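There are 2 protein chains.
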Amino acid sequence: MPGLIFIGLGLAGDRSVTVEGLDCVRRAEKVYLESYTSPLPMGVKERLEEASGRGVVLVERGFVEDGGRIIEEAKRGVVALLVYGDPMVATTHMDLRVRAEAEGVKTRLIHNASILSALPGETGLHIYSFGRTVTMTRGGGVSHTTVYNTVFENLLRGLHTAILLEYDYSTGFSLDPSAAIEGLLEAEADLRYGVIDGETFIIVASRIGCGGQSVVGGRVERLRGVEFGPPPHTVIVPGRLHFTEVEALKMVLKIGGDEVSDNSERIVRLARRMVTRYVEKSRSALDRARGRCSGDERHELLIENAECYISDAERFLNQGRDELAVLSIGYAEGLLDSLRLLDQERFGDIWR
Amino acid sequence: MPGLIFIGLGLAGDRSVTVEGLDCVRRAEKVYLESYTSPLPMGVKERLEEASGRGVVLVERGFVEDGGRIIEEAKRGVVALLVYGDPMVATTHMDLRVRAEAEGVKTRLIHNASILSALPGETGLHIYSFGRTVTMTRGGGVSHTTVYNTVFENLLRGLHTAILLEYDYSTGFSLDPSAAIEGLLEAEADLRYGVIDGETFIIVASRIGCGGQSVVGGRVERLRGVEFGPPPHTVIVPGRLHFTEVEALKMVLKIGGDEVSDNSERIVRLARRMVTRYVEKSRSALDRARGRCSGDERHELLIENAECYISDAERFLNQGRDELAVLSIGYAEGLLDSLRLLDQERFGDIWR
Chain A
4 MPGLIFIGLG LAGDRSVTVE GLDCVRRAEK VYLESYTSPL PMGVKERLEE ASGRGVVLVE
64 RGFVEDGGRI IEEAKRGVVA LLVYGDPMVA TTHMDLRVRA EAEGVKTRLI HNASILSALP
124 GETGLHIYSF GRTVTMTRGG GVSHTTVYNT VFENLLRGLH TAILLEYDYS TGFSLDPSAA
184 IEGLLEAEAD LRYGVIDGET FIIVASRIGC GGQSVVGGRV ERLRGVEFGP PPHTVIVPGR
244 LHFTEVEALK MVLKIGGDEV SDNSERIVRL ARRMVTRYVE KSRSALDRAR GRCSGDERHE
304 LLIENAECYI SDAERFLNQG RDELAVLSIG YAEGLLDSLR LLDQERFGDI WR
Chain B
4 MPGLIFIGLG LAGDRSVTVE GLDCVRRAEK VYLESYTSPL PMGVKERLEE ASGRGVVLVE
64 RGFVEDGGRI IEEAKRGVVA LLVYGDPMVA TTHMDLRVRA EAEGVKTRLI HNASILSALP
124 GETGLHIYSF GRTVTMTRGG GVSHTTVYNT VFENLLRGLH TAILLEYDYS TGFSLDPSAA
184 IEGLLEAEAD LRYGVIDGET FIIVASRIGC GGQSVVGGRV ERLRGVEFGP PPHTVIVPGR
244 LHFTEVEALK MVLKIGGDEV SDNSERIVRL ARRMVTRYVE KSRSALDRAR GRCSGDERHE
304 LLIENAECYI SDAERFLNQG RDELAVLSIG YAEGLLDSLR LLDQERFGDI WR
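Line by line, the protein sequences give chains A and B.
When we follow the working numbering, the leftmost residue of the first sequence carries the number 4, and every step to the right adds one.
When we follow the working numbering, the leftmost residue of the second sequence carries the number 4, and every step to the right adds one.
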């Protein structure tokens with residue numbers, strides 16, 4: 004039956020294609036290999052031709068983006084498009100699939116490993132503890148800020164971030180891990196959320212699954228400027244670490260225990276810091292105000308109310324209901340501050 | 004060289020093993036196939052034996068958890084452990100790897116597709132828009148709450164959630180997608196964050212990559228109670244949808260346009276809802292209070308302060324500084340409410 008099959012090559016190319024994928028190549032009338040989403044290992048096309056006994060045509064971005072010829076051919080016979088990793092992670096592939104289906108061409112995917120499914124195994128980090136993935140591109144500015152914010156949001160929830168690095172097939176450019184680290188440090192200097200500094204523990208995974216792979220972990224101050232060799236690379240900023248993750252990092256990756264640190268500990272939710280500080284401040288003000296209200300019932304009622312709301316703030320914080328905690332402590336402060344505003348002589352110094 | 008190789012079978016078993024994986028099986032002195040992390044298709048062991056010409060030993064959880072025999076054998080020769088999907092996603096596999104390395108056994112992974120890398124391609128959802136993944140287990144309570152909270156946190160950031168469903172190899176039990184949907188609805192009835200109701204658009208992906216796969220999308224009211232056939236299944240709650248994602252859902256999955264909706268729109272940050280409501284309420288109270296302070300300077304000073312903080316709250320909200328917005332509106336409320344507490348006769352009804 005005619006149609007278009009997207010076949011994932013996995014991480015290594017001809018060695019990592021699946022048995023089913025190779026069978027499909029053998030039976031396809033036309034076989035294309037796209038070369039623009041990730042650097043292909045040398046000689047993959049030739050080795051795939053040898054293994055399948057079929058001619059493989061190397062195609063560039065424009066050919067897949069246009070897609071007209073692929074779709075026309077897939078109306079008459081089986082067309083295989085070989086892609087690096089798992090198919091469809093790249094938007095150009097999904098776009099081609101959508102247009103093919105719209106023209107009545109049946110499509111099918113042969114799945115394979117992607118760098119994102121491979122990282123947990125190679126690093127020992129739990130897959131369930133990864134947050135959103137992000138790509139860093141050249142040029143700094145917005146790209147660095149986006150990556151930085153994603154790491155920050157993931158760390159707030161204790162999650163790990165995998166940062167993929169730009170690859171530009173047309174020039175062969177690929178963003179270096181050291182450049183990515185500098186990008187994060189620049190964003191830190193600008194935004195100052197406390198996401199990254201010399202002490203932050205990071206991991207650089209290079210050439211996973213495709214020969215000569217390396218996974219290196221350590222503090223930023225030690226890894227910045229290091230030469231990690233040819234692409235592809237991924238930089239990981241781990242979040243909260245389970246003890247089994249720490250064990251795997253030490254044992255499997257031989258990462259020194261003094262290098263491994265929990266990056267999420269420093270990132271305490273803003274609300275949490277705010278409420279803790281204001282609760283303390285308000286309790287002192289409350290004590291002082293109480294000493295000065297000398298039996299005035301209305302003042303005592305107000306102070307009692309303020310006290311309740313300070314306790315509420317602490318309780319909400321412990322329940323993780325941060326917004327309500329902030330609202331309560333703000334309200335308590337407002338009540339107490341009204342005393343100062345309305346009777347400067349008696350209550351003017353309650354905040355000191 | 005002796006050692007332990009973890010070989011991912013991908014999603015289909017013998018058909019989805021990679022060329023390199025199959026070569027490793029052929030060269031291994033001992034080949035184990037674990038059967039407890041996911042339901043294996045019928046006859047996989049036999050077909051793997053036929054394809055590789057090697058005997059394959061089916062092993063259960065206890066054998067891998069203990070691991071003593073595997074590690075001893077891997078000290079003397081090459082041992083292959085075949086696992087479903089991509090190796091190391093399961094903690095028992097990583098634990099075995101850590102212990103093997105601790106005993107000086109070299110380990111290696113042959114990667115393959117996992118359900119998490121396959122989902123974007125099969126659904127058309129962008130991989131970068133997935134948040135944390137979570138597993139739902141039987142028994143409700145804590146498990147349902149955890150899943151519900153993960154969906155909520157992902158939706159707050161506009162992200163999709165993949166919900167994996169419990170599989171218990173010893174009894175053959177696997178959690179049904181309909182049970183998972185009911186679990187989410189129960190958690191909603193309990194927690195009321197507005198995460199899910201009959202209108203919520205969800206996707207159920209069944210048997211991806213392993214024959215007879217189906218991907219169905221639609222509103223909860225239509226999908227609840229539907230029979231989705233044999234496992235494995237994944238339930239996806241999509242977040243904010245890019246127009247290319249909507250297009251793929253309509254075209255590739257043939258999901259009706261009226262069924263597709265953006266689930267993140269309803270989830271406005273709690274802080275945002277809170278501040279908007281309280282700003283309105285405080286402005287009315289402020290107007291009433293002003294009408295009653297009849298030239299009292301202290302009261303006017305207090306009201307002026309309250310007004311500043313109400314404006315601050317709005318400004319902070321527009322800047323995305325939610326915590327400061329909540330703190331400010333809480334403070335303004337406290338100030339205004341002190342009037343009521345201190346002078347019931349004049350200000351008792353400012354909140355109405």
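Worth flagging that the hints you see were computed from the coordinates, not collected in a lab.
Some hints here could point you the wrong way.
One copy or two, either will do: identical chains are not told apart, so a pair holds if it fits within one copy or between any two.
As the list claims (entries may be wrong) - In silico DSBU-like links for lysine-lysine, alpha-carbon gap of 35 Å or less:
| no. | residue 1 | residue 2 |
| --- | --- | --- |
| 1 | Lys253 | Lys109 |
| 2 | Lys33 | Lys78 |
| 3 | Lys253 | Lys284 |
| 4 | Lys48 | Lys109 |
| 5 | Lys33 | Lys284 |
| 6 | Lys48 | Lys284 |
| 7 | Lys284 | Lys257 |
| 8 | Lys257 | Lys33 |
| 9 | Lys284 | Lys78 |
| 10 | Lys109 | Lys284 |
| 11 | Lys109 | Lys33 |
| 12 | Lys33 | Lys253 |
| 13 | Lys48 | Lys33 |
| 14 | Lys78 | Lys109 |
| 15 | Lys78 | Lys253 |
| 16 | Lys78 | Lys257 |
These numbers come from a predicted model, not from an experiment.
Hints and how they fare:
In the homo-oligomer, the alpha carbons of Lys253 and Lys109 lie at most 35 Å apart only across protomers (15 Å), although the nearest pairing inside one protomer, at 48 Å, exceeds that limit. When the C-alpha separation of Lys33 and Lys78 is checked against a cutoff of 35 Å, the pair qualifies only within one copy, where the shortest distance is 12 Å, while the shortest distance between copies is 46 Å. Taking identical chains as interchangeable, the C-alpha atoms of Lys253 and Lys284 are never at most 35 Å apart, the minima being 43 Å within one chain and 56 Å between chains. In this assembly of identical chains, Lys48 and Lys109 lie within 35 Å of each other by CA distance both inside one copy and across copies; the values are 26 Å within and 31 Å between.
For the homomeric pair Lys33 and Lys284, neither the shortest alpha-carbon distance inside one copy (73 Å) nor that between copies (67 Å) is at most 35 Å. Taking the closest pair of Cα atoms, Lys48 and Lys284 never come within 35 Å of each other, the shortest separation being 68 Å inside a single copy and 67 Å across copies. For the identical chains of this complex, Lys284 and Lys257 are neighbours neither inside a copy (46 Å) nor across copies (59 Å), given an alpha-carbon limit of 35 Å. In this homomeric assembly, Lys257 and Lys33 come within 35 Å of each other (Cα to Cα) only across copies, at 27 Å, whereas the closest approach inside a single copy is 46 Å.
In the homo-oligomer, the alpha carbons of Lys284 and Lys78 never lie at most 35 Å apart, since the shortest distance is 73 Å inside one protomer and 63 Å across protomers. For the homomeric pair Lys109 and Lys284, neither the shortest alpha-carbon distance inside one copy (67 Å) nor that between copies (57 Å) is at most 35 Å. Taking the shortest alpha-carbon separations for Lys109 and Lys33, only the intra-copy value of 15 Å comes in at or below 35 Å, while the best inter-copy value is 41 Å. Taking the closest pair of Cα atoms, Lys33 and Lys253 come within 35 Å of each other only across two copies (28 Å); inside a single copy the shortest separation is 48 Å, beyond that limit.
When the C-alpha separation of Lys48 and Lys33 is checked against a cutoff of 35 Å, the pair qualifies both within a copy, at 14 Å, and between copies, at 33 Å. For the homomeric pair Lys78 and Lys109, the shortest alpha-carbon distance inside one copy (9 Å) is at most 35 Å, but the shortest distance between copies (49 Å) is not. Proximity of Lys78 to Lys253 under the C-alpha cut-off of 35 Å is restricted to the inter-copy arrangement: shortest distance 21 Å between copies versus 54 Å within a copy. When the C-alpha separation of Lys78 and Lys257 is checked against a cutoff of 35 Å, the pair qualifies only between copies, where the shortest distance is 19 Å, while the shortest distance within a copy is 53 Å.
Checked against the numbered hints given earlier, the structure breaks hints 3, 5, 6, 7, 9, 10 and satisfies all the rest.
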